[in-house]
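A.B. asks: The primary structure of each chain is shown beneath.
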Amino acid sequence: MDKATQTLLLYEWKALVRNKFQLIMLALVFVFGMYAIYYGQSEIDAQRETIKAMTALEQEEFSRYTASFKEGPETLEQEQTHDIASRPAYAWYRHGYHAILPPHDYASLAIGQRDLFRYYYRLTGMSLHYQLFENELANPMNLMAGNFDLSFVLIYLFPLLIIAFCYGLYSAEKESGTLALLRIQSVSMGKIIGLRLVFYALLIIGLALLLSLMGLFSAGNPLQTENWVPATAWMIGVMVYCAFWFGLMFWIISFRRSSAFNAIIAAGFWLLLLIVVPAVLNVIVTVKYPLSSATLAGLTRRTGLDNEDDEEESKEVIMEFLAHRPDLAPSDGLLKKNIMPKAYAAFTALKDINSQKEVGRYTAQVAKRNEWAARFHWLSPAANMQDVLAHITETDLSTFLHFQDALADFHGEITRFYFSRLFGDKPILLEDYSELPVFTMSKNNKQWTTIWWGLGKISLATITVFTLGLIKMKGDSQ
Amino acid sequence: MLPALIHIAKKEIRIALRERLIVFLGLIIVVLLGVALYAGYVSYKQQKETIAQTRSEKRQEWLHQGDKHPHIAAHYGTFAFKPKTVLSLFDFGLDAYTGTSVYLEAHYQHEFMFRPAQDHSSMIRFGELSAALVLQILLPLLIIFLAFASFTRERESGTLKLLISQGMSFHTLAWGKILAYSLMLSVILVFFLLSIGLLYGMGVTSEAIPDTAVRVLLLLLLYSIYLFLFIALAVWVSIHSSKSRNALLTLLTCWIFFTILMPKALANLSENIYTLPSMREFKAQIEADKRHGPEGTTPLSVQKANLEKEYLKKYKVDSVQQLPLNFEGVSMQAGEEFGNQVYDHHLGRLRKLFHQQNRMSSIASLFNPYLAVRHLSMALSGTDMYTSIHFEEKVENYRRELIRKMNKDMAENSEYGKFYGYKAGNDLWQQIDDFSYRTPMARELLGHYHLELISLLLWSVLLITLLTYANRKIKPLHG
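So the protein sequences, as listed, match chains A and B. Under the working numbering, the first residue of the first sequence carries the number 1, and numbering increases by one thereafter. Under the working numbering, the first residue of the second sequence carries the number 1001, and numbering increases by one thereafter.
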């Protein structure tokens, strides 16, 4: 570092320390960041509490069932419990299993769509679609306002901080009359601007990284094997995104216009990238891929056989269903015992099979929307960044679509467990309780493609704005 | 004084039109407004058509469900769909975040399903482009760009001194400028009004809102006041700033704080202060109360026993079999009413929480005109919380009426203990009218928004006073 550089940086530091307004802004953003970390934690903690309560309920339910095998039924209630525990005719629609999408350790830093989607379900063998579409309670006003999480602070507020610090880097000198003094120094104007930009970049990116580290450490240990890649991706994202805004400011400054002009252009860009582009994309996607959930609503209707008391009809339904499921191996007494429960089970399962197409079409349309919107993410590094962060913390739409697929698979396992016993006329034994279906969800590793690509796109945008700035700066000084 | 005022206004407009950047931004905003209205219109039409179609399908399904026991019909139930109101094409409001359909059946109140925002990636949280968004967020920015230098530029270039020395009053100067900006913005508002008029010409109407014309006029008034407030604020800040740069920074900070930071921070704070139960807890509490009876009420079994005694006494018989009606229907209805009572209690508590949460931003709207306008705009467009609650109440009443009719038919026509012995038919299904919804009148809705209305009044008075007061004190010179 040569003498001139040292002098310049020292001067910049002194100017910063003396400027109360700038210090207040830095402090304010820091406080907002801290609040955002706290708010995110409190939201996700509440979800963790709900999950805990759900799991406890399930354990209690099933321990009641297993206990009923051990103690001889004395009271009527115990007898009923034992019936539910051991007879598939009751058990298939009474036993409730919890399927849970636990929050990623870092979900609190970018809540994404997690406040909007259900993250826990209690599934029985009944029609899947009857159980799937219930909303979580939420105040729509607050849903609309969105979450004040760390991703919001980084994506919305840091660019403003960068704009506020940089818009006058060159023009302020001109306006206060010190430019001429700087010009006669041996150091080139380009170098001076560059150095000042680097100084503020270190300062502001440093603040962003500090807040991120505080968030990452308070939400989960980033050194753990499953966390260090997400944590690293987060840190890289923060650096690249801030660098983009510095690059943009550099480009704007390179036009050497007045401070007010720079501020207007920068504010215009902020508005364009954070509000206009995403809002336009959202409205286009809504219109281009129309979706009406009204068509799905019908699937939740509770229906039954037209003539429940007609045994022939019941038998037909059972046979129709078994034709779809040769794996269920019905017993010889299939059409002699428990005809009503069998017919009802067959009926709801058939209904699921028939409505699967409708649901599939709907999810495909949602996925298409998602794909289309993602294709235009490069238009707004901010929307891109939001998408990257939501993918890192697994709070994006695709995680929830993946969860829904896993729910359907799990429901299939539940019905297999009970239906094989119901249609095979076998009771549920105590030892069967060690083989109950368990919800599992495969890791969706496709998200990392989105994340690295997204980061790549922001990096490319950053390089572009810097290059444009450099060209302009060089072109003018010759 | 009047000619001078007009003179100033003319000059300001000429200067503004010379600024290519300003004209360019103005054009962009007009284009965005057009796109927003068009997209709003297309999506309104799409939604309206699908809902109308699905609604008639469900109606046919109900009417032609064949002969069955009324209680089974009550269980199979039917659906209600939230209609898109015609003004939602202007302000989407909460439409993406409130459920759109609900299943109506006996014994249970189902919650509304499907929030449209769930069908989007997290980008939806940046907001959707609507005309309201353009008017509420983008136009104020244009105003800031137009007016931040209104006084500082004159002061920096020394023309302010010249103007004052020629006998131009400060007052005239300020109001002349305000008049100029207002005229320019009203061009955009007129464009907006023309688009609305065009849509009407195309025959876009909606039976859901009874007083559309009044609402459109009120919306126009609302946005005129809002834009005037921003103009007045920008001019006032410019009067008080020593440099253009400072005026711009102050105004931009206000803008960010009012439109981005404060609404979000408040909503989140309210979420922390008044915590909502999870759906699981909510449902579990209702179930528990239905089983054991809420505190201070008679348990359902006792109620039913009492009811039985009452009926036996009334008809002077000694067993339910001898009653001239099927007591099962009566008892079923008693159960239904008991369930409703429990549900109302819990829903009331939940709604109170919502209300307390939203009240925070209502109170805050006294300090932030953007919040006031956002709430009022949604209310007038029929996409606000109160319209949504009103709709949910109407749906629930419809459900209760439907179940009541089913139970009544069961009591009158079926026999005790012979569930499969009786089947009702199309005659009974016809007795249930199709569900249709009308929003409350605008006046009634505005009754929920006193604070927001007061906010706009206070801000107008405050800014006009400040401008009048400031004019007397300010020196036309630097610093």
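Wrong hints could be hidden among the right ones.
Said to hold, decoys possible - In silico contact screen, one side only, chain B against chain A (beta carbon under 10 Å); selected entries:
| hint | residue |
| --- | --- |
| 1 | 1057 |
| 2 | 1094 |
| 3 | 1101 |
| 4 | 1188 |
| 5 | 1191 |
| 6 | 1195 |
| 7 | 1220 |
| 8 | 1274 |
| 9 | 1310 |
| 10 | 1335 |
| 11 | 1458 |
The set of hints was computed from the structure by calculation and includes no laboratory data. All C-beta atoms, glycine included, are put in the ideal place defined by N, C-alpha and C.
A.B. asks: Which earlier hints turn out false for this structure, listed by number in ascending order?
C.D. replies: Hints 4, 5, 6, 7, 9, 10 and 11 not satisfied by this model.
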